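Colleague: Take a look at the letters that make up each chain.
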Amino acid sequence: MGSYLFYFSTESIAFAKTRCQPDLLYWWCVMHNNSLFQRVFQLFLTLFVVLSINFALPRLMPGDPVITLLGQDVTVVTNSNLAELRSKYGLDKSLGYQYAAYWQNLFQGELGYSSHYRQPVTETIKDHLSWTLALLMPVIAFSTLLATILGTFAGWKAGSKLDYTLTLGSLLTYSLPQFLIGMLLLKVFAFELRLFPLGGLGSGSSDSALTNFLDTVWHLTLPVLALTISATAPKLLVMRNSAAKEQQQDYITYATAKGLSTCRILSVHLLRNACLPLLSLLALNIGFIVSGALVVEIVFSISGMGTLIYEAAIYRDYPLLQGCFLILTVFVVCINTLADFLYRIIDPRITNPL
Amino acid sequence: MFRSRLSLPMYCGLSLLMILILLALLAPMLAPYSPSERFTPFALPSAAHRLGCDDIGHDILSQLIFASRVSLLVGLTAAVASAGLGTAIGVLSGYCQGYTALFFNSIIHIVLLIPALPLMLTLAAYVGPSLGNIIAIIGLLGWCSTARVVQARVLQLKSMPYVEALRSLGIPEHQIIVKHIIPNVYEVIAAKFILAVAYAMLTESALSFLGLGDPMTISWGTILYYAFHRGGFVNDLWHWYLPPGLCIAAATLAFTLLAFYLEQKAQQAKILTEDSAHAA
Amino acid sequence: MLEAINLTKYFTQGLLNQKTICAVENVSFQVPPGKTLGIMGTSGSGKTTVAKLLAGLIRPTAGQIVYKGTVLSELSSAQARLFRSKLQMIFQHPSLALDPRQTIVDALLEPLFVHKLIDSRRQGLAKIDSLLHLTQLSADILPKYPWQISGGQAQRIVIARALGLEPELLIADEPTAMLDVSIQAQILTLLNDIQRQTGLSLILISHDPDVIRACADRMIGMEEGKVVMNGIPAAILPPSDGLFALRNTLPTYNTGGL
Amino acid sequence: GCGSNKQPVSGNSSNIPSLTIGTTMKVEGINIEDYYFGILRGIFTHKGLVKLDENSNFTGDMAKSWSTADGQIWTFLLQDGLTWHDGTKVTAADVKFALEYNMKHSVEYRSHFSLIKSISTPDEKTVVITLSKPNPRFLVNLLVLRTLPQHIFSAVDNPATYNDPKAAIGCGPYVFEKLDTKAGIITFRANTTYFRGPPPIPEIKVRLFKNPDALYMALQNGEIALPYTYSAGTDPIYAANLAKNPQIKLTNIPNLGVSKALIFNVTKPVVNDPQVRTALSYAIDYNELVRLFAPTSGIAPTAGLVPRGTPGFVETRPLEFNPEHAKRLLEQAGYHLTDSNIREKNGQPLTFELLIRSDIPENIRLAELLQKYFNNIGAKLTPKTVDITLFQTIIDKDRSHTSMLSRTTPWGMMMWAGMGTGYMDARNIGWAMVSDAKFIDLIDNMNSTLEPEAYKIHSAALQQYYAENLPAIPLYWDSFIQPHNAALTGWKISPMYGVLNEETWYNLKNSTR
Amino acid sequence: MLLNLDKLQVYFTVGRSVLQAVNEVDLSITERTKTAIIGETGCGKSVLAAAIAGILPDNAQASGTITWENTLLSPKLLRTIRGKELTLVPQNPLGSLNPVLTAGCQVSETLARIKPELTSAERYHNTLELFGTVGLAQPGTVYRAYPHQLSGGMAQRVLLAATIAGTPKLVIADEPTKGLDINTRNQNVLLMHQVFAASALLLITHDIEVAATCNSLIVMYAGELVEAGSAKEVLKDPLHPYTCQLLHSHPSHGLTPIPGLPPDLTSLPAGCRFANRCALYNKLNNSQKQLCLTEHPPLKPPGSTTAVRCWHA
Ligand SMILES: Nc1ncnc2c1ncn2[C@@H]1O[C@H](COP(=O)(O)OP(=O)(O)OP(=O)(O)O)[C@@H](O)[C@H]1O
Ligand SMILES: Nc1ncnc2c1ncn2[C@@H]1O[C@H](COP(=O)(O)OP(=O)(O)OP(=O)(O)O)[C@@H](O)[C@H]1O
Ligand SMILES: [Mg+2]
Ligand SMILES: [Mg+2]
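Protein chains in written order, with the numbering used here: chain A, 181 to 534; chain B, 603 to 882; chain C, 84 to 341; chain D, 111 to 623; chain E, 5 to 317.
Think of the hints as simulated: they come from the structure by calculation, not from any bench. Computed from a prediction, not measured in an experiment: that's the story for all the values here. Don't take every hint at face value.
[Unchecked claim] Under the rule of at most 20 Å between Cα atoms (straight-line distance), these lysine to any residue pairs were calculated in the SDA-like manner: (1) D:Lys-354 / B:Leu-646; (2) B:Lys-781 / C:Asp-189; (3) D:Lys-174 / D:Lys-206; (4) C:Lys-227 / E:Val-18; (5) D:Lys-199 / D:Ile-183; (6) D:Lys-276 / D:Thr-297; (7) C:Lys-227 / C:Leu-215; (8) D:Lys-214 / A:Leu-223; (9) A:Lys-425 / E:Leu-98; (10) D:Lys-174 / D:Tyr-146; (11) E:Lys-80 / A:Asn-259; (12) D:Lys-566 / D:Lys-354; (13) B:Lys-781 / B:Met-818; (14) E:Lys-119 / A:Val-448; (15) D:Lys-490 / D:Asp-383; (16) B:Lys-760 / C:Ile-141; (17) A:Lys-367 / B:Leu-844; (18) B:Lys-760 / C:Leu-140; (19) C:Lys-210 / C:Asp-189; (20) C:Lys-227 / E:Gly-264; (21) E:Lys-236 / C:Phe-327; (22) C:Lys-199 / B:Ala-690; (23) D:Lys-206 / D:His-261; (24) D:Lys-359 / D:Asp-383; (25) D:Lys-490 / B:Leu-646; (26) D:Lys-288 / D:Thr-303.
[As the list claims (entries may be wrong)] To be clear about the criterion: a stretch of chain C counts as covered by chain E if any three or more of its residues have a C-beta under 8 Å from a C-beta of chain E, and this derived list gives those stretches: (27) 265–273; (28) 290–296.
Glycine included, every Cβ here is placed at the ideal spot set by N, Cα and C.
All chains, full assembly: derive it from the sequences and hints.
Modeller: Below you can see the structure in the form of C-alpha cells.
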C-alpha cells in the first residue's frame, strides 16, 4: 500500500520472536521491536547501497576521466601530464580512499568540483535543476490534471464512446516517440508558424520581472506541450482503469441510491478513491521524468538535468555524475515520502504512521 | 457491454501486430531492394523509390521493412528478459517472508532508487553500443515495474483463502508458488510483458536517437537517428523521418492495445473473485 | 484424541506504538474421537485463530496441541507435514478456497499426489469418484472451474478435498456462514453423514446457537479469546424458540396494515 | 615578416547595431580552461602575440614586430596603446606572465610551449623568449596563446575554477559582457578603448544551440546572422537547403585541414603492411564520398594527404577507385580469398577494427561505406563506435586502435613539423604511430631548417613519403561552407577562425541599408 | 398504495446468453407495511430491490411498470424521491460506505441533499442526533471515524442513520444482517423496526428468523414469487412445497436439506420451476406430474395478498 517504504508483516516479527535467532539485523529489529525503526534502518541501508552504486557506476565506465581535460583539440598526451591532472582531481588515490572521501564529502554536504563544467557541483546542479523544474512542474501539473479529469470521465463512462476515444487517443499518443512529437512541434509552431522560439529558456533581455517571466513562459510553451502530450497518456490510462474499477464498487451504487448528483459522486466519491494508483504512478515515475526529459531538452536546446547527466556521463565527470545521482535519489526519496504522506491523507485505511 | 467493445482494440492490436510480424518475416520478399543498396542520395519519393532515399542513397522503404526485424527482436527479447526477471523477483518478494522478502524487496527498492536514464547512459557507455547490450540494458532496467505490480498482486493473492487452504492441505510452498500463484498473476504479467515490448521499442528508439544505440544495425530507431542528424527534419524530408516514427508508433500501439485488453481482463478477473466473495 | 492445552496467541499490530492483541488466551479443550466439538462465539472472539492454530497455519505464542500423545508444536516441519494431512481445515468462504485457475478435478487430485496417496491419475480418478459419492456430487462438475459452480457445491468440493487425505479430524470454520439456509442444511447434514460413515472427529465453528445445538456433541463458548462456556450444548444453550425467536423479542410489535 | 594592424577605421560603413551568431559549441563557463569559450576568447576578447593573415602568413597581433636570428631567441616588440578591458595598460610583463602562468596551470599549454627555456622583458614593450633549442616553427605554437592580465590572474591559484566575469578580461576588440546560461546567450560589447578604435558593431551575441536543426531553422528565420563552428563548416546536408534561401549566402572558406581521413596505426598487424594500405586506398570510391559528404566544395584527394592550398603542397598520386587493382595488390601482398569471402595470408585474416566517435553521425555513415568498399575486395572492417572520452583514451593514451576515422584541423596540420606530421609522428600526437627512420629523418630536417626553400624540399619529400606509405588515407578534401545573412558583406577570412576575426569586425557592412 | 409493481421483469445479457433474473413480479406495498422477501441465493431478490431503486447495472433490461403513490415511477421522479422518500439500506454495509470519507461526512452529505437549507453546523448536530437515534453510543467518535474503523454492526447503524435522515416512505433493506454475528443481528433488527416504525419496509433476507419479524412475507424462487402472505401464517403453515422445504432446512426445524439445485436462469424449464426438487411432486400421480412439468403454474388466487404458485397446493 505504502508505495515506497517497506512493507513489514507483523507475522514475521512474531515468528522472529519465537525463533529468536542471534542475528544482527533481527537482533536490531527485535530489540527495538519497532517498525518505524526498521523502516528507517532499511531506508538507510537502501540509500547506502544506492549511493555506493552511484560511486561505483561512473568508475565502471571505460575511458580515462582526465583525458578530455587535456583539451578537445590535438594535444600531445604523456603519462606525466595525465598523472598531474589525475592528482589535481584526486583520482590518483586508491579506490578505497576515494570511497571514504566520497562518504565524508556526502556527510559534509560537499559534492566536489565538476571537472567538465569547472564549477562546484552544487552550483552546476542548482542551475540545471531549476530549469528542469521550471520545465517539469507545469508538465506534471498539467498532465496530472488532464489525466485526472479525463480519466475519471472515461472510467465513469467505461465502455462509452467518450471512453473509447479518450483511451484510444491516449494509447496513440503514448506510442509516439517523444522526440518525434518534439521535432514536429518545433517544426510547425516555431519554424513554420513562428509562434514560439526555436529553443532556449529566455531571450536574455531581462527588463522587468514580469516580462522576464512572460518570456520564460513563452519559451517553455512548446517543450511543456511536448512533454505533456507524452506524459498524460499513461496517467490517463491508469486513472481510467482505476475509476472504472471503483465505479463498480458498492459505495458508488449506494451513493447513487442516496440520490446524490453525478457531479458530487464523481468529484467527492469516485475521484478520491480512484486517484490512489495515479499517485503511486506519479511517485514511481518522478525520477525518470526528471532525468528523462533529456530528449526534449536536446530538441529545444534547454540545459536541464538530462543534458547535465548526459554530459557528465560522456565526459566521465565523476563528481558531477555522483552529484546528479545523489540529487535524483534524494528527489525520488522525497517525492515518494511525500506521496506516502498524501496517500495516507487520502486513504485513511493506511493507519501506519511513517 | 464493455466486454464486447473491448475485443475491438484487441483485434486492431492483433492485426496490426500480425502485419508487422509478417513484414519482418517476409522482409526479403517484400522489400523492393536490398537495404544496403545505394541509389541517389536524398532522392524524393518516386515510383522507383516509394519513400525516397536517405542521405547515402539507401531505399528508405526497404530499410523500413528490414528494420522491423531488429526493432521487433529488440522489443520482444528485452521484454522477455524484463518480464522474466520482474516476475521472478516480484513473486519471491511478495510470497516469501522474513529475510528472503527483505532481500528481494531491497533489490526492488534499490533499482527503483537508481535513476534510470543515468544508469542507462552509464551502462551504454560501459558496454558500448550493440544490439545485445541494448537488449540487456532495457531488460535490466525494465523489470522493476513488473516486479512491483506482480508483488502487489502476489501479496493480495497470498492472503486469499485458497492459498491458506492449500497450505493447510500440506502442499509444499514451491508448488503453491509455481502452480497457484504464478498462474493467477498471469494476466498481470502478460499485460506487463506486452507493455514492456512497447517500452523497449520506444527506449530503443530513444537510445538510438541519443546516439547510444548501435548505429550499424538498421532499426526504426536508427533510421530516425540518421533522419534527425543528417538533415531530414531541416530539409523537410517527411518521407524519411515520418515513416519510422509511425512504424514505432504503430508497433507500440499494437502492443499497448493488447496490453490494455489483457489489463482489462485481469481487472475483470479480479472483480470476479472479489464479487464471488460477497456472493458466496 | 486431540487436546489443546492453554493455547495462547498474541498478534502485534501497529508501527510506532505497537498494540498487542490477545486473539486467544489460555484456551484448553479436548476433542474425543468420532465426536463433534462446537466452538461458538461472537465475531472477533478468536474462533478462527484457534482453528488456524490447530491446523498449524500459525504458531501459538504459548501452549501446546497434543494429538494422540504427540506435541505438535515440537515437531520439525517435515514431521508436521505428515500430521497435517490428518488434521484438515475447511474455510468460511467456499468459492474463495479454490484456486480460480484450477479445474475441480485438479484441485482434488493435487493434495493426493503431494501426500503420495495415489500414484497415477487413473487411481486418483477412482478415488475422486468415491469422494464425490460421499459428498453427493455428480461427476459432471469435475471439469468445471470454481467460478462456474455454486457456493454449496464449492463447499462440498472443499470438504471432499479434505476428506481425500483421510483426516482423523476435520476443522470446519463457519462452513456455512456465507451460504443460505437451504444450502447450510445440505452441508451440515453432509458433515454429519460423513462423520457417521468414517468416524472422524469434527470441530465445528459457528456463531449460530441453532447450528451448534443441532450438530455438536460438546461445545465451548468463547469471548474475547477466552473460553467462557464448556459443556453439552443442550445443557448450556437456552432452548430454541424456533423461527419466531427474534420476532418474540420485539417489544411492541407493530402490526402496521396488512 | 612584420605587420601592423594600424589601419584607418572605416567609419562610413552602414552600421550593424547588433550581430547574433548561432553555434552548437557547448560553452559551459568563462574560465580560461573552457575549450569552447577559449575559441570565443580568441575571436573576441583576447589577443596573442602573432596571428595568421588570410594567406596563412604570420602577422602581428599584440606584437608590432618580431625577429629571430637563429630560431632560438625570439624578440617581440609590442603594439602601442594596448590596454586591458579594465583600463590597465598592457605590458611585456603581462605576456611573460601569461606564458608562464599557462605553462604552470595548463597541461595543454605546457606541451605547446615545452621548448621555452626562459622569458625576459628588457622593457615594457619587449618580450624575449629563449628556447632550449632552435625551432623555426615556434610561431605556430604561439598561435594558441591568449594573453592574460597579470594584475588579475596573479591572485588566481586555480584558473580552471575561476568563473568570475574578470576571468574574461582581455585586450581584444570586444569586451565580454555576460553569459546567460538560461537563455543560452553570450553577449560581447565593442571595446571603446581599443587601440584601433572601437569596432563598428557595438554588440555581438552568441546564441548557443544544442541541436543543429534548431540552429539552421533560426538562421532561415533570420534570428541569427550566421552559424559558426570552430574549424568546421556547415554540413552540406544543411547547405543544400540553405542555398535555396535568398536571404542567405554561402561562402566557401578554404580548409587547410583534411575533413575526413582514415588513419592507420602502422604498428598494428594487417595494417602495418604498406601494400595492404595501398590496396585499401584503391578500394575507396572517392568520387562517391565527395558526392555524398561534400557535394558543393569537395574534391577527391591525392595520396599526399596535405590539402592543395597548403603552402608547400606538391602533387602526388591522385587517389583513385580501382577495386580490381586493389585485389591485385592484395594478391601480390599474399592475401588470398577464402570461402568466407575474407582474404587471408598464412591464416591471418584481412580484418581490422575502425574506431569512430559515436557522436558524429557523419563518421558512422562513412564507416558504413568504408565497410562496404573493403568488403568488396575481401577485407573486413569492423566499426567500433565509442564516445568521445573512450575515443580519446584509446587513441591518445592507450594507442590500442588499429585504425581510426578523424578530421585534422588547419592548426593541427601546421603543428610539429607542419604538413600534418604531428598526427603521424609517434613522438608527437602520433595517431598513425609512424616511427620509421626515413620519416623521422624528414621530420627532424623540417623542424630544424631555417631556410624556407630547404623546408619546401623536405616537405615535398614528406608528401611523397605519405603517398608511398599511406599512414593515413584522406577521404576527401573540401572547403568549409560558411552560410551567413546575405545582407552582410565584407567578411574577411582567417585560416584559424574562419569568418569571425578582427578584420571582419572592421569591414562588415549591412548592404541593405 | 405506496408502491406497485406490475409484471416486473428483469433480464441480464451476459455474453450471448440472456438470463432472466426476475420474472413477472406483481407486488404492492402500502404505507407502513413491513414486508420480507426470502428465497434461496440467486433467486433475484437483490435484482428486484435494485429495479425498484433504479440502480440496475448497465447490462440489465427491465420491463413492466412500477408506480409510486399511483404515479408512474419515471426516472425523473425517481431522482427526486431517491434518498428522501425511497431509501435503501444496502447489502454490504462496510463496502457501501466510501472508504476514504468519514462516516459523519457521508451521513451529513445525505442530510445536505434532503435539507439543503441547513448550515454545516446544523448538519453536524443533526447528524450526531441521528447517530444517537440509531443507538450509537459515541456519536462524536463515530462521526470522525472512517468506515474501516467501524465494525459491521456499527456500519449498519451508520447506514440506518443516513436512511432516516429524511422521512422515508419506503425503506428497502437488502440483507441488512448478512455477516453479522447473532447478537449484533438481533440488536440491529430490533433497531430497524424501531426507527422505521413510520415507514414501509421491504426487507430482503436469507435469515428466516429475521423475516419472521415482518408482518408480511414473500417467498421467491428462481426469479418469481412463489408464495406471499402474512409472515406468521406462511411460516407456521406454508402452502408452497418450496417454502415448506426451506423451513425444514432451518436448524431448529430438523436441518433437512432441499435436494438438487435451482434451475439455470438462462434456460428455464417450461413447467413449474421447483418441480425437480419438490417433495410433493414425488407423491403425485403421473398426470399430476405431467402438469407440473409442462404448465407454468400461475400465482393464485390472483390479486390477493395471500397467494401461492403451485398446481397442487
Ligand atoms: N493476522 C492477524 N493480525 C492481527 N490481529 C489478528 C490477526 N488475525 C486475527 N486477529 C485478531 O484476533 C482476534 C480474533 O480473530 P478471529 O479471526 O479468530 O475471530 P473470529 O472469532 O473468527 O471472528 P469471526 O466470527 O468474525 O470470524 C480479532 O480481534 C482479530 O482482529
Ligand atoms: N450484473 C449482472 N449480470 C448478470 N447476471 C446478474 C447480474 N446481477 C445479478 N445477476 C444474476 O441474477 C440472478 C439474481 O441475482 P440476485 O443478486 O438478485 O440474487 P439474490 O437473490 O440477491 O442472491 P443472494 O442471496 O446471493 O444475494 C443471479 O443468478 C445472478 O447471477
Ligand atoms: Mg472467523
Ligand atoms: Mg442479494
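Colleague: Of the numbered hints stated earlier in the document, which are not met by this structure?
Modeller: 5, 8, 10, 11, 12, 13, 22, 24, 25
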